[in-house]
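Colleague: These are the residues of each chain, in order.
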Amino acid sequence: MPKQKSFCDYVVDHVSQAASLISLDPDIRQILAQTINEVIINFPVKTENGEVEMFTGYRVQHNNVMGPFEGGVRFHPALGIEEVRVLANCMTWKAAIANIPFGGASGGIQFDPTKYSLDDLERITRRFTFALGNNIGPEYDIISPDIGTNSQIMAWVLDTYLSTMPPHKRQACKHVVTGKPIKSGGSLGRDKATGQGIVFLIQKWAEEKNFNLKGATYIVQGFGNVGSWTARLLKPLGAKLIAVEDFTGAIFNQEGIDPEDLCEYVKKNRKIAGYSQAKAVDHKAFLQTKADVFVPAALENQINSETAPLLNVKLVAEGANGPTDPEGDRILRKKGIDLLPDILCNSGGLIVSYFEWLQNKRSEFWELEEVDSKLHTRIINAYNLVIDKSKELKVDMRTAAYAAALSRLERVYKRRGIFP
Amino acid sequence: MTDSEVGRRGNVYENVVWQFNKASDLMKLDLDIRKILGKTTNEIVVNFPVKMDDERIEMFTGYRVQHNNALGPFKGGLRFHPAVDIHEVRALATWMTWKSALTYIPFGGAKGGIQCDPFKYSQSELERITRRFTFALGNNIGPEYDIPAPDVNTNPQIMAWILDTFVSTMPAHERQACIHVVTGKPIESGGSLGRDKATGQGVVYTIEEWAEDKGFNLKGATYTVQGFGNVGSWTALLLKQHGSKLLAVEDASGAIANPEGIDPEDLIAHAKKNNWLISGYPKAKPIDRKTLFQTKADIFVPAALENQITADTAPLLNVKLVAEGANGPTDPDGDRVLQQKGIDLIPDILCNAGGVIVSYFEWLQNKRSEFWELEEVDTKLHRKIVSAYERVRDTAKQYKTDWRTAAYIVALSHLDTVYRERGIFP
Numbered sequence: 001m002p003k004q005k006s007f008c009d010y011v012v013d014h015v016s017q018a019a020s021l022i023s024l025d026p027d028i029r030q031i032l033a034q035t036i037n038e039v040i041i042n043f044p045v046k047t048e049n050g051e052v053e054m055f056t057g058y059r060v061q062h063n064n065v066m067g068p069f070e071g072g073v074r075f076h077p078a079l080g081i082e083e084v085r086v087l088a089n090c091m092t093w094k095a096a097i098a099n100i101p102f103g104g105a106s107g108g109i110q111f112d113p114t115k116y117s118l119d120d121l122e123r124i125t126r127r128f129t130f131a132l133g134n135n136i137g138p139e140y141d142i143i144s145p146d147i148g149t150n151s152q153i154m155a156w157v158l159d160t161y162l163s164t165m166p167p168h169k170r171q172a173c174k175h176v177v178t179g180k181p182i183k184s185g186g187s188l189g190r191d192k193a194t195g196q197g198i199v200f201l202i203q204k205w206a207e208e209k210n211f212n213l214k215g216a217t218y219i220v221q222g223f224g225n226v227g228s229w230t231a232r233l234l235k236p237l238g239a240k241l242i243a244v245e246d247f248t249g250a251i252f253n254q255e256g257i258d259p260e261d262l263c264e265y266v267k268k269n270r271k272i273a274g275y276s277q278a279k280a281v282d283h284k285a286f287l288q289t290k291a292d293v294f295v296p297a298a299l300e301n302q303i304n305s306e307t308a309p310l311l312n313v314k315l316v317a318e319g320a321n322g323p324t325d326p327e328g329d330r331i332l333r334k335k336g337i338d339l340l341p342d343i344l345c346n347s348g349g350l351i352v353s354y355f356e357w358l359q360n361k362r363s364e365f366w367e368l369e370e371v372d373s374k375l376h377t378r379i380i381n382a383y384n385l386v387i388d389k390s391k392e393l394k395v396d397m398r399t400a401a402y403a404a405a406l407s408r409l410e411r412v413y414k415r416r417g418i419f420p
Numbered sequence: 001m002t003d004s005e006v007g008r009r010g011n012v013y014e015n016v017v018w019q020f021n022k023a024s025d026l027m028k029l030d031l032d033i034r035k036i037l038g039k040t041t042n043e044i045v046v047n048f049p050v051k052m053d054d055e056r057i058e059m060f061t062g063y064r065v066q067h068n069n070a071l072g073p074f075k076g077g078l079r080f081h082p083a084v085d086i087h088e089v090r091a092l093a094t095w096m097t098w099k100s101a102l103t104y105i106p107f108g109g110a111k112g113g114i115q116c117d118p119f120k121y122s123q124s125e126l127e128r129i130t131r132r133f134t135f136a137l138g139n140n141i142g143p144e145y146d147i148p149a150p151d152v153n154t155n156p157q158i159m160a161w162i163l164d165t166f167v168s169t170m171p172a173h174e175r176q177a178c179i180h181v182v183t184g185k186p187i188e189s190g191g192s193l194g195r196d197k198a199t200g201q202g203v204v205y206t207i208e209e210w211a212e213d214k215g216f217n218l219k220g221a222t223y224t225v226q227g228f229g230n231v232g233s234w235t236a237l238l239l240k241q242h243g244s245k246l247l248a249v250e251d252a253s254g255a256i257a258n259p260e261g262i263d264p265e266d267l268i269a270h271a272k273k274n275n276w277l278i279s280g281y282p283k284a285k286p287i288d289r290k291t292l293f294q295t296k297a298d299i300f301v302p303a304a305l306e307n308q309i310t311a312d313t314a315p316l317l318n319v320k321l322v323a324e325g326a327n328g329p330t331d332p333d334g335d336r337v338l339q340q341k342g343i344d345l346i347p348d349i350l351c352n353a354g355g356v357i358v359s360y361f362e363w364l365q366n367k368r369s370e371f372w373e374l375e376e377v378d379t380k381l382h383r384k385i386v387s388a389y390e391r392v393r394d395t396a397k398q399y400k401t402d403w404r405t406a407a408y409i410v411a412l413s414h415l416d417t418v419y420r421e422r423g424i425f426p
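Read top to bottom, the protein sequences are chains A and B.
Residue numbers for the first sequence follow the numbering used here, so the first one is 1 and each next one is one higher.
Residue numbers for the second sequence follow the numbering used here, so the first one is 1 and each next one is one higher.
For reference, chain A alone in the conformation it holds in the complex (with noise of 0.2 angstroms):
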């Protein structure tokens, strides 16, 4: 049986398609196909019961020619090397098109985190950033949260390398990782920025189309972090969100439901199922739920060849890493549907990150107006690109999107060359 093409996959024709569209310079081709490096740890920790566990750890750097190496750390039981690959890619290419000056990279520990005690979780952070050692670094590789992680992990990791510097570096090494505490050195905003991205993505969208928000209908997929804070910020806008799916299954309610109180309620539940103000309907019925827009914010490949002709939406906007497969990107076109592509409509969580970063760097300190006026000039002006790209090319956003990542990157390897 030939192995079932998967998101990795899927990337590597993205990047492919766009080469060939822009005809890149096949040297730099050759060098943006690879990573730069890829690490692998492994390390022992001793558990609450006395044992000793072995654990792997995942750091893999894509590029660094526009800037330091940035990117997640994951801790999740399925994490393998190709998985990290790929989303060190995607972290290059998100960066290029947000003209941050920071590479792509990502990592993780392959583990499942609910299984251990907060203690432990400890431990296991503090000793994966003890080996990784100097493969990190504020100016040479910068971590942020990812699937499984948070705000007390990175908390963790910073705590643990600024243990490693001597004395006199500590305090200008805080911006070693991204997505901190506030009172650890995080910035205001942070905690909403991929949603409050996607939300200022939409808007520019909807000014375009001439199409008004206020009344308008929409509904998510995945209620996590980023699912969560979309609804919360398209709701003052007069919009209306009628359906919900996460992996407990899917909830609707014509008349609206109110996002800040299913917050509320999954904050105590940790699912959605269950919540009174709508009525539980099955996975079909979801994806068939007439809206104007889609935001799919949970797992990868969930709009395909059988689930994308049942969408009845004007837009999809990509919360998610790769929600949509070739195939159910050729349908929403077929019908229709508009797109923002996911390494442009979830880049506000990366934007943020280079805020954070900016701050500790300067020993700064941001409003968080300050904070949103320019996540929203950044992203703005990222989605002009990928639309004149794509009036320029004739091609979909997704393809200008790798394009318009593939042509910056090409412009700077023309300038500085190949070392020694």
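Hints in this document: simulated from the structure, not taken from any laboratory.
Beta carbons: idealized from backbone N, C-alpha and C, even for Gly.
Be careful, since some hints might not be right.
DSSO-like mimics (lysine-lysine), calculated; alpha carbons at most 27 angstroms apart, straight line [as the list claims (entries may be wrong)]: (1) K214(B) <-> K400(B); (2) K240(A) <-> K183(A); (3) K296(B) <-> K341(B); (4) K115(A) <-> K39(B); (5) K235(A) <-> K169(A); (6) K46(A) <-> K51(B); (7) K272(B) <-> K245(B); (8) K46(A) <-> K35(B); (9) K414(A) <-> K51(B); (10) K367(B) <-> K400(B); (11) K46(A) <-> K28(B); (12) K245(B) <-> K219(B); (13) K335(A) <-> K214(A); (14) K35(B) <-> K115(A); (15) K361(A) <-> K335(A); (16) K214(B) <-> K296(B); (17) K414(A) <-> K391(A); (18) K240(B) <-> K283(B); (19) K235(A) <-> K214(A); (20) K296(B) <-> K46(A); (21) K235(A) <-> K268(A).
Simulated restraints on C-beta separations [to be verified]: (22) F425(B) <-> R362(A): 25 to 35 angstroms; (23) I418(A) <-> D333(B): 44 to 54 angstroms; (24) E369(A) <-> Q176(B): 48 to 58 angstroms; (25) G50(A) <-> D288(B): 55 to 65 angstroms; (26) N275(B) <-> T164(A): 48 to 58 angstroms; (27) N210(A) <-> T169(B): 54 to 64 angstroms; (28) R362(A) <-> Q157(B): 42 to 52 angstroms; (29) E14(B) <-> S373(A): 52 to 62 angstroms; (30) F371(B) <-> S407(A): 49 to 59 angstroms; (31) Q176(B) <-> G50(A): 43 to 53 angstroms.
Based on these hints, arrange chain B on the given structure of chain A.
Modeller: Relative to the frame of chain A, chain B by itself:
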């Protein structure tokens, strides 16, 4: 490369695991320490572009696997070979840990290399490949962190380029204190006298000890050698001085034999003119591989690749002693056959440890800004390797086990003690 060759190389790490488990079971190694030593500490893969002579860019994949550094900085060779992959490098890195532990050298184990055929490239391309690889490794190597050395297809010239590249990335005031970032350097660039012959010298010192133990006279003794690179040729040359007789030699170009004896010095002179191959040597007749293994002799020195003494070839051997100049020349099946036939074995991690021991001396000389005479190097090498030999011999008696397992037990006990004393961070 054929499929069977791929399979053969893929098995090397499994051999290490098999040997490790056998010794761990026998000595009842602490389970926590067993878990730690059963894994490598760091595995680094670097992909880097190099501009070729024709302006084209070629991408290369380089590896550095760091198995363990409980005893001191990581240490191990760099190999440039098309068959280099993560499994092979992992196995070789692990063996380096055992070697240092067994010889009581304050180093850990590492290994690395580039997946490439160095003979396809010009000298200036090879220099750029080496420099870009060193640059890509960055601070993952360093004089007090991880110290490369020569291995298959790398030599003092390549080590000199690594040195030059590494120190050029350091602040000016630190450069002179970083010369021990690599060993096996040319003498003028900080190398040690006796480093070139060190592995062969170590092989011969252990053979001398074995002969003394057995009341066996090396004068007039016969031996065969597989592989005629640095290790094989130096071993042959040094055994000649004992009055022993080289009967047959094999390398990548085929095998040759002469029952009257082959003069190693003369063969080296021939190989030097012949791309370092023995084929066409006029003073011996070509034989096939099977005949080489069947040659009746006192000592067989495998000094080539992994997995040469196997279920197929071990039954052919007609010798008293196998002295492993190569890393991993005998697989677990081969080990069983040797034991059944009563053939003695000086296992690789003891037998070929001369290279890492003199690498340690080179590192010490650089660190102390000293330069030792050859006699001093040889005396110290002799003392180190003979005391390791005695530990292995005594441990084999104590545990009533074979020498390979005994060598592992010595190495693992040393590491076990250090782990117990230091505990697990944080």
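Colleague: A separate judgement is required for each hint: does it hold in the structure or not?
Modeller: Each hint, compared with the structure:
1. K214(B) <-> K400(B): holds (18 angstroms)
2. K240(A) <-> K183(A): Violated: K240(A) and K183(A) sit about 34 angstroms apart, past 27 angstroms.
3. K296(B) <-> K341(B): holds (14 angstroms)
4. K115(A) <-> K39(B): Status holds; Cα separation ~23 angstroms.
5. K235(A) <-> K169(A): Violated, at roughly 45 angstroms.
6. K46(A) <-> K51(B): Not satisfied, since the Cα-Cα distance of roughly 47 angstroms exceeds 27 angstroms.
7. K272(B) <-> K245(B): holds (21 angstroms)
8. K46(A) <-> K35(B): Holds - the C-alpha atoms of K35(B) and K46(A) are around 12 angstroms apart, at most 27 angstroms.
9. K414(A) <-> K51(B): Holds - the C-alpha atoms of K51(B) and K414(A) are around 14 angstroms apart, at most 27 angstroms.
10. K367(B) <-> K400(B): Cα-Cα ~41 angstroms, so violated.
11. K46(A) <-> K28(B): The hint holds at about 20 angstroms.
12. K245(B) <-> K219(B): holds (8 angstroms)
13. K335(A) <-> K214(A): holds (24 angstroms)
14. K35(B) <-> K115(A): This hinted pair holds, its Cα atoms lying about 20 angstroms apart.
15. K361(A) <-> K335(A): violated (47 angstroms)
16. K214(B) <-> K296(B): Holds - the C-alpha atoms of K296(B) and K214(B) are around 19 angstroms apart, at most 27 angstroms.
17. K414(A) <-> K391(A): holds (25 angstroms)
18. K240(B) <-> K283(B): Given that 27 angstroms is the threshold and the Cα spacing comes to 17 angstroms, the pair holds.
19. K235(A) <-> K214(A): holds (9 angstroms)
20. K296(B) <-> K46(A): Violated - the C-alpha atoms of K46(A) and K296(B) are around 54 angstroms apart, more than 27 angstroms.
21. K235(A) <-> K268(A): Satisfied, since the Cα-Cα distance of roughly 21 angstroms is no more than 27 angstroms.
22. F425(B) <-> R362(A): 25 to 35 angstroms: Since F425(B) and R362(A) have Cβ atoms about 34 angstroms apart, the given range 25 to 35 angstroms holds.
23. I418(A) <-> D333(B): 44 to 54 angstroms: Given range 44 to 54 angstroms: holds, Cβ gap about 48 angstroms.
24. E369(A) <-> Q176(B): 48 to 58 angstroms: For E369(A) and Q176(B) the Cβ distance comes to about 54 angstroms; the hint holds.
25. G50(A) <-> D288(B): 55 to 65 angstroms: holds (59 angstroms)
26. N275(B) <-> T164(A): 48 to 58 angstroms: holds (49 angstroms)
27. N210(A) <-> T169(B): 54 to 64 angstroms: holds (57 angstroms)
28. R362(A) <-> Q157(B): 42 to 52 angstroms: Roughly 47 angstroms apart at Cβ, these two residues keep to the hinted range, so it holds.
29. E14(B) <-> S373(A): 52 to 62 angstroms: holds (59 angstroms)
30. F371(B) <-> S407(A): 49 to 59 angstroms: holds (56 angstroms)
31. Q176(B) <-> G50(A): 43 to 53 angstroms: holds (47 angstroms)
Hint compliance for this structure: hints 2, 5, 6, 10, 15 and 20 are not met, and every other hint is.
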